[in-house]
Amino acid sequence: MSGLSLPLVALTQPQLEIIAVAIVVSAACALSGVFLVLRRLALVSDAISHSILLGIVLAFFLTHNLASPLLISAAAATGVLTVWLIELLNRTGRFKEDASIGLVFPVLFSIGVILISRYAGNVHLDVDAVLVGEIAYAPLDRLSLFGQDLPKALWVMGAVLALNVAFIALFFKELKLSTFDAGLAAALGFAPALLHYALVSVVSITAVGAFDAVGSILVVALMIAPPATAFLLTNRLVMMIVYSVGAAVVSSVGGYFLARMLDTNIAGAMAAMGGVVFMLALAFAPERGLLAQFLRRRRQRWDFAARLLAVHLLQHEGDADAQYECSLPHLHEHLRWTEAFAQGVVRLAQQQGLVTRGGEQLQLTEPGRRLANTVLGQS
Amino acid sequence: MSLLIDLFTDHTLRIVALGAGAIGAVAGLLGTFAVLRRQSLAGDAISHAALPGVALAFLVGAAAGGGLAKHPLMLLAGAFAAGWLGMLVVTLIKRTTRISADTALGIVLSVFFGAGLMLMRIIQDLPTASKAGLDKFLFGNAATMLRIDVLTIGALGLLAAFVVLAVWKEFKLLSFDPEFMAVQGWPVRWLDILLTTLIVVAIVIGLQTVGVVLMSALLVAPAAAARQWSNQLGPVAALAALFGALSGVGGAVVSSTIPRLSTGPTIVLMASALVLISLTLAPARGLLWEHLRHLRQHREVRVAQVLVGIYRLASEHPDPTHPHDIASLDAVGLHAAGNTMAQLERRGWAQRANGKWGLTQRGVAEARELEAGGAL
Amino acid sequence: MLTTTDTLAVSTQDVTVAYQEKPVLWDIDFAVPVGARCAIVGPNGAGKSTLLKTILGLIRPVAGQIEIFGQPYARQRRRVGYVPQRGSVDWDFPTTVLDVVLMGRYGHLGWFKRPGSADRELALTALTRVSMQEFAHRQISQLSGGQQQRVFLARALVQDADLYFLDEPFTGVDITTERAIVDVFLEMQRQGKTIVAVHHDLETLNEYFDWVLLLNVRAEALGPVAEVLTPENLRRTYGGRSGLIERGARQ
Numbered sequence: 000m001s002g003l004s005l006p007l008v009a010l011t012q013p014q015l016e017i018i019a020v021a022i023v024v025s026a027a028c029a030l031s032g033v034f035l036v037l038r039r040l041a042l043v044s045d046a047i048s049h050s051i052l053l054g055i056v057l058a059f060f061l062t063h064n065l066a067s068p069l070l071i072s073a074a075a076a077t078g079v080l081t082v083w084l085i086e087l088l089n090r091t092g093r094f095k096e097d098a099s100i101g102l103v104f105p106v107l108f109s110i111g112v113i114l115i116s117r118y119a120g121n122v123h124l125d126v127d128a129v130l131v132g133e134i135a136y137a138p139l140d141r142l143s144l145f146g147q148d149l150p151k152a153l154w155v156m157g158a159v160l161a162l163n164v165a166f167i168a169l170f171f172k173e174l175k176l177s178t179f180d181a182g183l184a185a186a187l188g189f190a191p192a193l194l195h196y197a198l199v200s201v202v203s204i205t206a207v208g209a210f211d212a213v214g215s216i217l218v219v220a221l222m223i224a225p226p227a228t229a230f231l232l233t234n235r236l237v238m239m240i241v242y243s244v245g246a247a248v249v250s251s252v253g254g255y256f257l258a259r260m261l262d263t264n265i266a267g268a269m270a271a272m273g274g275v276v277f278m279l280a281l282a283f284a285p286e287r288g289l290l291a292q293f294l295r296r297r298r299q300r301w302d303f304a305a306r307l308l309a310v311h312l313l314q315h316e317g318d319a320d321a322q323y324e325c326s327l328p329h330l331h332e333h334l335r336w337t338e339a340f341a342q343g344v345v346r347l348a349q350q351q352g353l354v355t356r357g358g359e360q361l362q363l364t365e366p367g368r369r370l371a372n373t374v375l376g377q378s
Numbered sequence: 000m001s002l003l004i005d006l007f008t009d010h011t012l013r014i015v016a017l018g019a020g021a022i023g024a025v026a027g028l029l030g031t032f033a034v035l036r037r038q039s040l041a042g043d044a045i046s047h048a049a050l051p052g053v054a055l056a057f058l059v060g061a062a063a064g065g066g067l068a069k070h071p072l073m074l075l076a077g078a079f080a081a082g083w084l085g086m087l088v089v090t091l092i093k094r095t096t097r098i099s100a101d102t103a104l105g106i107v108l109s110v111f112f113g114a115g116l117m118l119m120r121i122i123q124d125l126p127t128a129s130k131a132g133l134d135k136f137l138f139g140n141a142a143t144m145l146r147i148d149v150l151t152i153g154a155l156g157l158l159a160a161f162v163v164l165a166v167w168k169e170f171k172l173l174s175f176d177p178e179f180m181a182v183q184g185w186p187v188r189w190l191d192i193l194l195t196t197l198i199v200v201a202i203v204i205g206l207q208t209v210g211v212v213l214m215s216a217l218l219v220a221p222a223a224a225a226r227q228w229s230n231q232l233g234p235v236a237a238l239a240a241l242f243g244a245l246s247g248v249g250g251a252v253v254s255s256t257i258p259r260l261s262t263g264p265t266i267v268l269m270a271s272a273l274v275l276i277s278l279t280l281a282p283a284r285g286l287l288w289e290h291l292r293h294l295r296q297h298r299e300v301r302v303a304q305v306l307v308g309i310y311r312l313a314s315e316h317p318d319p320t321h322p323h324d325i326a327s328l329d330a331v332g333l334h335a336a337g338n339t340m341a342q343l344e345r346r347g348w349a350q351r352a353n354g355k356w357g358l359t360q361r362g363v364a365e366a367r368e369l370e371a372g373g374a375l
Numbered sequence: 000m001l002t003t004t005d006t007l008a009v010s011t012q013d014v015t016v017a018y019q020e021k022p023v024l025w026d027i028d029f030a031v032p033v034g035a036r037c038a039i040v041g042p043n044g045a046g047k048s049t050l051l052k053t054i055l056g057l058i059r060p061v062a063g064q065i066e067i068f069g070q071p072y073a074r075q076r077r078r079v080g081y082v083p084q085r086g087s088v089d090w091d092f093p094t095t096v097l098d099v100v101l102m103g104r105y106g107h108l109g110w111f112k113r114p115g116s117a118d119r120e121l122a123l124t125a126l127t128r129v130s131m132q133e134f135a136h137r138q139i140s141q142l143s144g145g146q147q148q149r150v151f152l153a154r155a156l157v158q159d160a161d162l163y164f165l166d167e168p169f170t171g172v173d174i175t176t177e178r179a180i181v182d183v184f185l186e187m188q189r190q191g192k193t194i195v196a197v198h199h200d201l202e203t204l205n206e207y208f209d210w211v212l213l214l215n216v217r218a219e220a221l222g223p224v225a226e227v228l229t230p231e232n233l234r235r236t237y238g239g240r241s242g243l244i245e246r247g248a249r250q
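Protein chains in written order, with numbering that gives the first Met the number 0: chain B, 0 to 378; chain F, 0 to 375; chain G, 0 to 250.
In case anyone wonders, no lab produced these hints; they're calculated from the structure. A few of these clues could be false.
What the hints assert, rightly or not - Listed next, the in silico DSSO-like pairs over lysine-lysine satisfying Cα-Cα at most 27 Å (straight line):
{"#": "1", "chain 1": "G", "residue 1": "21", "chain 2": "F", "residue 2": "168"}
{"#": "2", "chain 1": "F", "residue 1": "93", "chain 2": "G", "residue 2": "52"}
{"#": "3", "chain 1": "B", "residue 1": "95", "chain 2": "F", "residue 2": "168"}
{"#": "4", "chain 1": "F", "residue 1": "93", "chain 2": "G", "residue 2": "21"}
{"#": "5", "chain 1": "B", "residue 1": "95", "chain 2": "F", "residue 2": "355"}
{"#": "6", "chain 1": "F", "residue 1": "93", "chain 2": "B", "residue 2": "175"}
{"#": "7", "chain 1": "F", "residue 1": "355", "chain 2": "G", "residue 2": "21"}
{"#": "8", "chain 1": "G", "residue 1": "52", "chain 2": "G", "residue 2": "21"}
All chains should be built: construct the whole structure from the sequences, respecting the hints.
Here's what the structure looks like:
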């Protein structure tokens, strides 16, 4: 496979490989992120991605080898440690939950930074690389397995992606239940605490696997923005997972091309793209998007007002002051509708056959009375 | 001692310590409100969101004419605008969708930061001689602090403190009961914006010294520590400012004495140490005292149990002060450990004679009272 | 329906409140005469708290008009006191009982001014009226539910209002607190003040209040307690929980 021709651009193999890595990384992060977002643990992912630095540094001191698999274990361990410390602080009852998070990860991160600058300053453990990463170098670091020569990042993240898929597939029921009804999950013996730490471990492993490519800080972007986008698009958990991965892939591939165009940091562009995709969903999502909300409110304002008119007429039918209450000027005065709006509503109600009008007096029709009763019966 | 002397003679150290101290004080003061309103992690989001603002400010300044680019106010203004915009987006997301607050913060934090990285790379590729370093922004570079930086920080810090003092009672009510405040007719939304603005200022003035990741810690740690020492808002805020200042100065001093120890992380560790100390040792709320209180309660219960136990045993004899040896006490299930007996002796309720223990008259009276009380 | 607004402390007409297109309050006509002790009762989810908050300007109605002593609420703020539900604040906040009560004076003080000794006097007097003066310097997290309720009441008293709104003041409080609140009610009525409270207990309705609104998204009945509390009205409001209705009607 030497290259691929797209309408505007001819991609070389290294570029294809970068895109492949980007896709795999973003998919894995999105999968990890779905349950984080649903469980309101988004900022725990931020905390973990910072404190992972300490784990990596300690593992590095032990093995002096950045490519060691011990790093992955150290990452998972640091992630669990972070969450455990947060829980510990919570349980003292002296701090609120968000304060606990904000107290734990800076300490771990600081220790990591200090260890690096004091003892590893002359070794290639560039903190920039840990936090920011450089996906452009991915094709250079290769690994041959099973007769295939591919970038190492692709192998590693491929495995991590498989881990995420397996985790979600195996524990889908338990994850779903413990996310939406922790009490019931515990009662059914699903051990939500265990599941919680398992999820955290998977997140940590994903984070450290991805940092090589995109840096641990941007892992947060890929873990949170695509699931949030999906959350705006659907109510169903399965679809949310699908949309998350979709949004993530669009963000990462789009980000890659954006970065090429502007000749800038690829990971940053991927995160920015994630934000753009989210904003698009925020604005244009059907039902939940801002535009949809605006249009719906406008449409329903009229419908609602017509129903309100029917209910109002029903409530005051046969009252001593019915003649006043059921007149057009009253609508303007007491319902606080402008004259123009009141006229419009009356016209709509007439069109819908709910109301008849004699001069300034309004009369409820049979269908109108039925509608008003239905509305009141529902509420 | 030589450290203190250094503080006065070493110019660079003085600058850094003053600057860091001021940053810590302002962060501590405003962090009090952030923490009480459960907005502890807003600092994290603002810190990260500021990056594109700094980069854009630099680009604008470079385009306008080189010298302007590195002017501290210029970059501060950029950081402020971006941080403020970030908080606006967070509020928008929270208000118009069902997305939770932490997710909204996470989106703004990471997306803005990513955009910032893009801009930073573009800057780094520019042919101009002076460039803003990513390292400096991520981790802060206290060593390059200049007098003008300290003056800027000081001025802005004083301004923020002045505003807080002026609307102190308003901020207090806003943090405690915004609904009641609205009913009273206050413009709650505007006050909220004001407070958020001040928090953004507090974060932004410290970014270039302490760095992105760690500035958010200065918003949370001093306030969290201070809360353990007092139950009134005024003292808590004052103490938070003090703790913040101490962390700043202490961190600066310590990191200057030990080679290759960056200032930012050292400040954070100082602040965190203060939290740990406060958590353990603060009177009333401190965990240590709580533990000691528990121990004391347990001891009281044990002493009472043993006293009444001995009394009941001794009541089988005509003389209630009749001595028994430990073995017979154990036989009836009374674990009369050494220190419990020592307590009884110290209070004058029991005395030892020939290796056996007997109650004193006072001990008998005390035991009778306890029994009458019905506790045992 | 009463039409002379100068004898009405509160009057609403056709107030409708919706939450995401679902109506929570329909076309509410509500009136409270000056000097009345008015209860708003109804089943859960009937919109009782919502009505209170709408009158106080915390919620925007989709339609309708609200008047306090014949004027829009915004012009009458000084004459209104508010006792919210206890659960609406974080009681771990670092402040004392006296401080919370002083917050009731903030409206009078206006911008920038700090409470002075005169305000402190008023606060202590209010605390004495609810028998909480010994707790003045206690941190609020150390209070029981009933004590918290009394602190909120003292805060409202200090507002020196003519019209008081209370949201479930008797829910989950001890006997001492309940008596203290009722004493304050009676004293207020003697002073010609008006009270509107969301109430949940039909048994004590007749004893504590003299005016009632039966609410279940619509205004089902309004008027003096003795007249309005009929089995028919209760059945319409509560939807056929007969034990409650019979007991309530026996008042």
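A quick look at each hint next to the structure:
no.	hint	in the structure
1	G:21 x F:168	violated, 38 Å
2	F:93 x G:52	holds, 22 Å
3	B:95 x F:168	holds, 23 Å
4	F:93 x G:21	holds, 21 Å
5	B:95 x F:355	violated, 54 Å
6	F:93 x B:175	holds, 24 Å
7	F:355 x G:21	violated, 81 Å
8	G:52 x G:21	holds, 17 Å
In terms of the numbered hints stated before, the structure departs from hints 1, 5 and 7, listed from lowest to highest.
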